[in-house]
Amino acid sequence: MIELKRVTKQYGQATVLKHIDLVIDEPGIYCLLGRNGAGKTTLLKSIAGYQNITNGTIQVDGKVITTSTLDTGVSYIENFARHFNLPVGKLLKIASEVNPNYDYEFASEMMERFELDAKKKFNHLSLGMKTMVSTILCLASNKSVVLLDEPVLGFDAIMRVEFYDMLTESFRKHPRIIVVSTHIIEEIAKTIQKLIILDKGSIRFFDTLQSVETKAFSISGLQKDVEAATQNLNVIGRDTVGGLATCYIFDTPSAPSASLEIHPLSLQDFFIQMVGHKGGAAR
Amino acid sequence: MKAIFAIVKRLLASNKISFILTALVVLCATSSGDVVLSNGNYTWLLAVMTPFFFVFYDYTKLMYLGASKKDYFFGALISYGILSFGISLVNTGIHLLIEPLYPARTVINLMDVCKWSENGIFLAGLQQMVFLLLVMISLHVLLSMQAHWYGWLTDTILVAILSIFTPIAPLRGILSGFFQVIMLNGNAVLHIGVCLLLSAALSFAGLVVLKRKTL
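First to last, the sequence lines map onto chains A and B.
The numbering used here applies: residue 4 is where the first sequence begins, and numbers increase by one.
The numbering used here applies: residue 13 is where the second sequence begins, and numbers increase by one.
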């Protein structure tokens with residue numbers, strides 16, 4: 004279980020995380036979405052105890068997490084993690100020796116599935132393969148919380164599909180909390196149970212994908228009709244062109260009207276509307 | 013314990029550069045004349061280089077492999093213990109077996125300079141071992157602090173102590189007294205006791221620093 008209470012992180016004058024309250028109490032695969040600089044890495048590193056927060060508390064399985072926590076029970080890996088320049092096979096073996104809970108069998112299986120050359124040294128691997136090694140190491144750690152920061156960076160389409168399968172298989176074998184931060188939204192949708200959207204250091208959304216599927220939709224039509232239809236709904240975004248308008252809603256859908264077009268929002272569109280920016284500019 | 017020993021193995025294995033450089037210097041260093049330096053003295057180079065690798069190279073990588081900070085801490089301490097024993101054994105061996113073969117009349121080994129040899133070869137070796145342990149732990153703590161403001165403050169204080177204490181005679185006495193206790197000490201019991209106590213205190217400081225270490 005991960006519990007964050009009023010978590011704030013400041014770097015000098017800049018506040019990266021702002022009073023975050025978050026409870027993840029069920030095992031599952033959670034997707035952490037956010038724009039660049041939203042605070043995703045800071046949040047994940049703080050949960051892993053790799054850096055301290057300025058205010059608030061973080062607990063994992065009831066244990067307070069700070070850099071002072073000598074054994075956090077959290078496994079975190081970032082995309083550019085540096086490892087010993089050893090053959091991949093040896094690296095996985097060493098990981099099983101330094102971490103008593105490590106699932107060496109799973110790691111070896113994944114190494115074979117991704118056609119990683121066990122004899123090839125880590126520094127000689129491509130960026131995608133390096134990331135894959137880091138991800139395997141993290142998933143095989145068998146810690147109660149696994150945090151993967153941008154794990155698909157540098158992966159080709161086939162590797163990404165394989166990665167999502169690996170994630171599901173790892174979770175099925177050992178159910179625990181797995182948080183994956185990514186920018187490739189649509190692809191991971193089939194794999195995850197819940198979605199966390201972080202925007203400018205605050206949690207904007209934390210709910211199931213099912214709620215997005217049932218509650219996120221757009222209403223288009225004449226501006227006055229759209230405004231009338233959406234006045235009691237939770238509008239998360241709005242586009243207006245001439246006399247026509249499109250409103251993006253996250254709410255219980257209302258009865259369809261002949262003059263309005265209602266479409267479900269894709270996960271990506273929902274995310275764009277939730278973070279309230281487009282093309283880098285604030286709306 | 014299995015994890016700690018795996019970390020010890022990894023720390024020692026990834027310290028190859030220090031081993032090779034030390035071996036090269038020990039084997040290749042030459043001096044001529046009636047009074048020469050023993051090549052065994054250069055084994056101490058390993059004690060100086062090792063903490064740099066443990067702190068700057070191994071720590072992050074071990075963390076990414078899933079090691080805990082606690083296991084890293086104990087692993088590093090055990091490795092320093094093993095290395096100080098090994099260095100002391102090699103230098104003592106050189107002192108006993110190779111130095112008598114030198115053509116020079118006088119061969120200077122730091123074990124003699126530090127007055128440890130006066131206590132017999134076993135105690136001398138032990139004194140050397142605890143002193144090297146102290147050196148490695150001190151360096152480890154000092155290097156671990158470099159990413160923080162208090163590391164720079166400690167550097168400044170150490171430089172200030174050396175520059176202020178050295179030219180002023182009474183203060184110089186204090187400084188030399190300190191080094192006579194921790195290094196140039198013929199009293200084996202006092203020397204071993206002080207070095208072990210300081211090592212324990214510095215290890216504790218190292219643990220505090222490690223707890224603040226970020227990634």
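By construction, these hints were calculated from the structure, which means they are not laboratory data.
C-beta atoms are modelled at their ideal positions from N, C-alpha and C, and glycine is treated no differently.
Among the hints, a few may not be true.
[As the list claims (entries may be wrong)] Chain B is faced by these chain A residues, among others (derived, beta-carbon under 7 Å):
(1) Tyr-53
(2) Thr-57
(3) Val-67
(4) Ser-71
(5) Ala-98
(6) Asn-102
(7) Pro-103
(8) Glu-108
(9) Ser-144
(10) Ser-147
[Unchecked claim] Cut-off 25 Å, straight-line C-alpha distance, at most; resulting in silico cross-link-like pairs (BS3-like, lysine-lysine):
(11) A/Lys-93 - B/Lys-223
(12) B/Lys-14 - B/Lys-225
(13) B/Lys-127 - A/Lys-96
(14) A/Lys-8 - B/Lys-223
(15) A/Lys-124 - B/Lys-28
(16) B/Lys-21 - A/Lys-93
(17) A/Lys-218 - A/Lys-197
- Query: With a cut-off of 7 Å, does the beta carbon of A/Val-67 approach a beta carbon of chain B closely enough for the hint to hold?
  - Reply: With a closest approach of 13 Å, the A/Val-67 hint is violated.
- Agreement of B/Lys-21 and A/Lys-93 with the hint, judged by alpha carbon distance not exceeding 25 Å: holds (13 Å)
- Hint consistency between B/Lys-127 and A/Lys-96 [alpha-carbon to alpha-carbon, up to 25 Å]: Judged against 25 Å, a Cα distance of about 46 Å means the pair is violated.
- Query: Does the CB of A/Asn-102 sit less than 7 Å away from some CB of chain B?
  - Reply: Hint on A/Asn-102: holds, closest Cβ of chain B at ~4 Å, below 7 Å.
- Against chain B, run the beta carbon of A/Pro-103 and see if the smallest gap drops under 7 Å. At 6 Å from the nearest chain B Cβ, A/Pro-103 passes the 7 Å test, so the hint holds.
- Message: Does A/Lys-197 sit within 25 Å of A/Lys-218, going by the straight-line distance between their CA atoms?
- Response: holds (14 Å)
- Query: Are the Cα positions of A/Lys-124 and B/Lys-28 separated by 25 Å at most?
  - Reply: Holds - the C-alpha atoms of B/Lys-28 and A/Lys-124 are around 17 Å apart, at most 25 Å.
- Item | Hint check: 7 Å Cβ-Cβ cutoff, A/Ser-144 to chain B | At 4 Å from the nearest chain B Cβ, A/Ser-144 passes the 7 Å test, so the hint holds.
- Message: Is the interface hint satisfied for A/Tyr-53? The criterion is a beta-carbon contact with chain B at less than 7 Å.
- Response: With a minimum Cβ separation of about 4 Å from chain B (threshold 7 Å), the hint on A/Tyr-53 holds.
- Query: Going straight from one Cα to the other, do A/Lys-93 and B/Lys-223 come out at no more than 25 Å?
  - Reply: Given that 25 Å is the threshold and the Cα spacing comes to 29 Å, the pair is violated.
- Message: A/Lys-8 and B/Lys-223 were given as a pair; does the straight-line alpha-carbon distance stay at or below 25 Å?
- Response: Satisfied, since the Cα-Cα distance of roughly 22 Å is no more than 25 Å.
- Item | Restraint satisfaction for A/Glu-108 [CB to CB of chain B, less than 7 Å] | The hint is violated - A/Glu-108 has no Cβ within 7 Å of chain B, the shortest such distance being about 16 Å.
When held up to the earlier numbered hints, the structure conflicts with 2, 3, 8, 10, 11, 13 and fits the remainder.
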